[in-house]
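Asks: Construct the entire structure; sequences and hints are all you get.
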Amino acid sequence: MSEDVKNPNYWKSLGELARNDEYEKFVEREFPENATELNDEVSRRSFLRVMGASIALAGFAACRRPVQKIMPYSKMPEDVVPGKPLYYASAMPFQGALDGIVVENNEGRPSKIEGNELHPSSNGNTSIFGQAAILNMFDPDRSRKVRKDGEQSSVSAFAKFCSEHFADTSQNIAFISEANSSPTYNRLKEQALDKFSNAQWVTYEAFGEDNALEGTNIAFGQRLRTVNHYDKAETIVSFDHDFLNPAGDNNSVQNTKQFTDGRDVTSPEDEMSRFYAIESTFSLTGSNADNRLRVKSGEIDLFIYALAAELAKSVNGLSAFSGYTNKFSDHEWIPVLAEELLENQGESILTVGRDHKPALHAAVAAMNVALNNAEETVTYHDVPHIDNHNNNEAFAEVVESLENGNIDTVVLVGTNPAFTAPADLNFSDALSNAGQVIHLSEYYNETSKLANWHINRAHFLEAWGDGYSYSGTRSIIQPQIEPLYSGVSEIEFLSTVLNGEKPKGYDLVQHTWKDFYSSDFKAQWRKALHDGIADDTGFPTKSVDISRTFNNRVSDFLGNASTAEGMELVIRTDSTVFDGRFANNGWLQELPKPMTKITWDNVALMSKKTADELGVEEAGLGKAEVEMIAITVDGTTVEMPAWVQPGHADDSITITVGYGREGVGRVANKSGFDTYPLRTTDNMHFASDVSVEKTGQMYEVACTQDHNTMEGRSLLRHATLQEYREDPHFSSYESSYDAEMPGVAFAEEHGEDDPLSIFNPIDEQEYPDDQPQWGMSIDLNACTGCGVCTIACTAENNIPVVGKREVNRGREMHWIRNDRYFDGDVNNPKALHQPVPCMHCEMAPCEQVCPVAATTHSEDGMNQMAYNRCIGTRYCANNCPYKVRRFNFFNYTKEFLTGGDDPEIIQMAMNPEVTIRFRGVMEKCTYCVQRVNRAKINRDIETDGATQKPEDGAVETACQQACPADAIYFGDLTDPESEVVKTKKNNRNYLLLEELNTRPRTSYLSELSNPNPKLA
Amino acid sequence: MSTDYQYVPEPKLVKGDHTFGSITDIIAKTPLSPTPKLWYLAFGVANVLLITLLGAIGYLVWDGTGIWGLNNPAGWGWAIINFVWWVGIGHAGTLISAILFLFRQGWRTAINRFAEAMTIFAVMCAGIFPAIHVGRIWVIYWVFPIPNQMAAWPNFSSPLLWDVFAVSTYFTVSLLFWYVGLIPDLATLRDKAKSKVAKIAYGIGALGWTGSFKNWWHYEKAYMILAGLATPLVLSVHTIVSFDFAVSVIPGWHSTIFPPYFVAGAIYSGFAMVLTLMLIARKIYGLEDIMNIDIMEKMNLVMMVTGNLVAFAYLMEGFVAWYSGYIYEQGIFWLYVVGPYAWGFWILMFCNVVTPQFLWFKKIRRNVALTFVISIIVNIGMWFERFMISVASLATDFMPANWDYYSPTLWDILTYVGTFGLFFTFFLLFLRFLPMVAIAEVKGVMPQADPHNYDEETKEFDVSKTEPVVVQQEQTV
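Chains as they are written, first to last, in full-length UniProt numbering: chain Z, 1 to 1016; chain E, 1 to 477.
Any given hint could be a false lead.
Not the full set, but computed from the structure, chain E residues with beta-carbon under 7 Å of chain Z [stated by the list, open to error]:
id, residue
1, Thr65
2, Gly135
3, Arg136
4, Leu394
5, Phe398
Note that these hints are calculated values from the structure, not bench results. Since we're looking at a predicted model, the values are computed, not measured. We treat Cβ as the ideally placed atom computed from N, Cα and C, and that holds for glycine.
Replies: The following block contains the structure:
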């Protein structure tokens, strides 16, 4: 601990205040060596222990306030008032792109991440990875020490080693780094390449943007980043591009915001964009498509070329494709798509998934230019820090040099190629030929174990840094806490390698930023810190022209177009653990994957037809066990469970990576199956001629939704835009069921106009005038189904991770769940997403049946749980038609309250505003009552007790705040001007199970789609 | 038309050539003779099961309700099924002793003591479940309206609270009724017992009974009043238990047919359980003359009637589902029939709809072995009825996204099996130490108790054929 820490501003106990020897020992005991040796099976208790350990360390923050001056964000109390959190702007780096965030900091502990409203790629919202980053920081399995050849060492020893070892500047050094947009990092990178004459630098991302950059290089002769502006488009065509999913696109938060903006419909007069998805697996993005076509990934190039050939008949610039025909040329979609794209020139987007070959990106870029979309809906940007070579090829070359013994020193920054590198490169073996291997990483992972030096890395919440967003907004990353395990950030690491001594990250970043500001550095720095963005930054837009060599290249491509027959394999990033980097995060592991609702595992997805051919049965109600299949590509076999995904392309199997880790962390180990062995340099993302067979083994998969159809019940109401225009009230009960709502006729006879509405005059008498009346509405047309609401709620409300076994038993604790229904043909269904929190019914069935009155109604119209009064009969949950109540069947939270090394600190690590629930009590969504009450108290003070009604927008629930689609509205129903009242007056508004007369305060706006009638 | 009416004599309720004395002897023999080895064996087995129950409850309290197979849609599982099942069984005793008493059904005397004991022990077994199934057992007393520093009352609109009152009242009244009925017989045992301990123990229980006219007069009045009090309870308890389901909004639960359907089902299962136990006991204790085939047939008739009432209720559920036009009710009925728990439904249909139809045949009604088999099938069927109601309705309710499959764990099974340990521990103690037939009452339905000395067969008065009433005085003096 540094000197500054010895004088904490806040003390958490009298012992600490007194700072006696005994206490010193106590504090030091916090990280005993054997804490990492808890060897467990995948069981409830082990995950509880993990949760406990994760949280245990959070409390350490109390005595680890950062040293350098950081600026609080807008809501700044006069000074730190215990109990009042501070909010700091920062940014979260992910695959070389920053998302702006605001971190809630409770007395020196970061406890919650929100989006930064000023930041263009965030707009105040976050992705699931952003929400889960807090738990990554408090992960006890992160590496806690510097290791030299596996033995404990220190940063100073490493610095000493560097000053000696790197004195020889002519040695052959290979730097292998993850993608990083930091100007400081890239400044140091330039310095390194200057200093070491025989150094080479490779950026290795298992799932990076190289194919896309290569594509623009082919089309335009420059490596440019493509930025799509989905809000400006009338027509969007996506080829296997999962752009709404953070695992499929680095800019997913902004994409989601723009995509939903372009489809926002408040009245029948409004227009919405039309979205076509052509893809193999049923992706989150594809589930939001108006028209979706199943095509094997290996044949998507054929489809793109056929479309280009069709467009070439009408527009200039695609002459290379003229006259080309293939099996898709006669497809019914081609003329329809072409017609619509031609109608919407300059207002359409074509986009292709980053995993696809550069040729496809080039063809799509050429089509965008030909359709005048470039510089309108699609912009191309020069990104200064992107390497000028193809990194996938460069990486393979470096590994080859390694194999040949031509590399003296390998410096790996953050990346984990021993786990993620293409299997045929034999990276691990090659690495052993290097003289020295130095690896900076957050975990002591597969690559670290092969390294001579392992340096434990600081989390981005612990260290200074900077970087650019996807479209170039520059931000500073502020530490929220001293590094828990004295980790080193990547800029500090690189500087140590260069200079032989560990600098302060703060100085490195400031040094870089001094170049950005010619005058008044101090004020501008402070403003950038405060706002979380530097003003007027962004990558410059490049105007593009089709390169002269493009036509020649295209004829090559057309000549080499796929002839993929037989079974294909698609290898993708996982929706929750990405490429494996989030595998040790319990929140993400337990978050159901958006389309399959599977937790804790990866599976092999296939269509019903393919499954039938393989003789694989579908999982379902009461059948958690599924068959294992063996997938063989080029002699390598991986066994994993098979899962039927309605809407998947036939003769195609999708698998995800990132699972099956060993010796990394207690959460990651033994979850799922390692699929990287199937991935080779030739088959980075797709493989054809795959052989698949059943092994005869069975495997239990923890899926949170066993039944996938709505059974004809109008729970999730949806219509096409056309139908909505014809009948704007299609979402009413009468339209949905073709029958009058039960009880309406009776009520009318008795002189009540609108008896079943939440604005019932009877209710006004029940609720006091000075109280707000809370309500929520969820716009299903905006919701994409990403699941960030669930994880935001988990972080805000101290919801425990229960583990695979408990999830499998149907005991997940999520307060807001995301239901996903399939509708229509089993082979090509429509998927619908519906987030379901507590409805806060005015006539709540749960309240009536509790024998001890533990669940009651508040004056401001919320259905409350008094945990201390609850005896746990579970009658309320039984009687809840929406089944949103969650029961603590075991003491899910006790183990992390009293487990770990310092229970006192564990208790401090909770969100201090939310109480912890004991075994045997019921819990459920509270409408974030802690946020509501804070706002009410503030309002009460502001108005001298005149009113407790916060102004509209003053309270945001955690789910609402995180939602990138802005699908959730929350506010005071007594305020006729509030956003929530406006949405509730919309004719698409409906109540879930309205006929039960529970009078829910949460309502839904029905979903719309805009399919092309010609493809119906 | 013929006017040749003939008097059809009722068959004798007690078979064989018994005197009051021989009746007293065969019944009082068991408590007063040394304990047979077989009893020890049975008691040992029951004790093992009882310890299993205590162990299962102990682990439950220690670790939480998570040890059971409960999940999010199915918040109630075997615990509530077992509760309803045991309470249902507990219906036969009070029905036999109270309602049949008021209707002057003499045949009840052969089985009423036995059935009442069964009732009390069954209600004890039932009462365990609502108490232990809650998440926080240590504050279970909050369901009672006890004034407290929190000034918090229970929620009087909750059917679970009504349950608390209904079941505890039923238990109290049943116990009192049983005990009052026991008093004259305890006096008999006191008088016949040889050992001093037994004399004192039975003497305390007999409350100083002398057999005087005044004693009898008070006794008869008290018995009558308690019968009157117990009669509505027979109907109310299961009605209120059914409210746990019927008052909710869940399809498959929310049904006005539940109260009568539950009461009929309870009597059905109660009679089945009495038959099961009776057919064993009469054999072992040589009580074939008292618990005879005629009585078994009468009980089979009650089972046939209530069984068909229950079957009718199932049909009505289907009809109502169709007729109501309510898609969720239709959905749940359809799911019963073909859904994930269809196997349970068809077991139920076989046990509760098909099986009672065999009882239309007199030969089967009077066949001990077949009756025994049927009585067991009926109890299995009634367990599955509660299983379908509790679990299947919850597991597949309004929103298909919530549907989940419930399956029990080892602990569910051990707890259920354990309650048989509790039941049989008490029941064996009852058989061993108390008169299992109401001695005084049986005598009341014997021909000897009818002192007009008129022989129905010879149509003559024949003083020699009957014993004088004096016998009764001999017994108690």
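Asks: A separate judgement is required for each hint: does it hold in the structure or not?
Replies: Tested hints:
Because the closest C-beta pair between Thr65 (chain E) and chain Z is about 6 Å apart, less than 7 Å, the hint holds. Using the Cβ-Cβ criterion of 7 Å, the hint placing Gly135 (chain E) at the interface with chain Z is satisfied: the shortest such distance is roughly 2 Å. The interface hint given for Arg136 (chain E) holds, since its Cβ lies 4 Å from the closest Cβ of chain Z, which is under the 7 Å cut-off. Because the closest C-beta pair between Leu394 (chain E) and chain Z is about 6 Å apart, less than 7 Å, the hint holds.
With a cut of 7 Å, the hint placing Phe398 (chain E) at the interface with chain Z holds, because the nearest CB-to-CB distance is about 5 Å.
Figure legend: structure checked against the earlier numbered hints; every hint is met.
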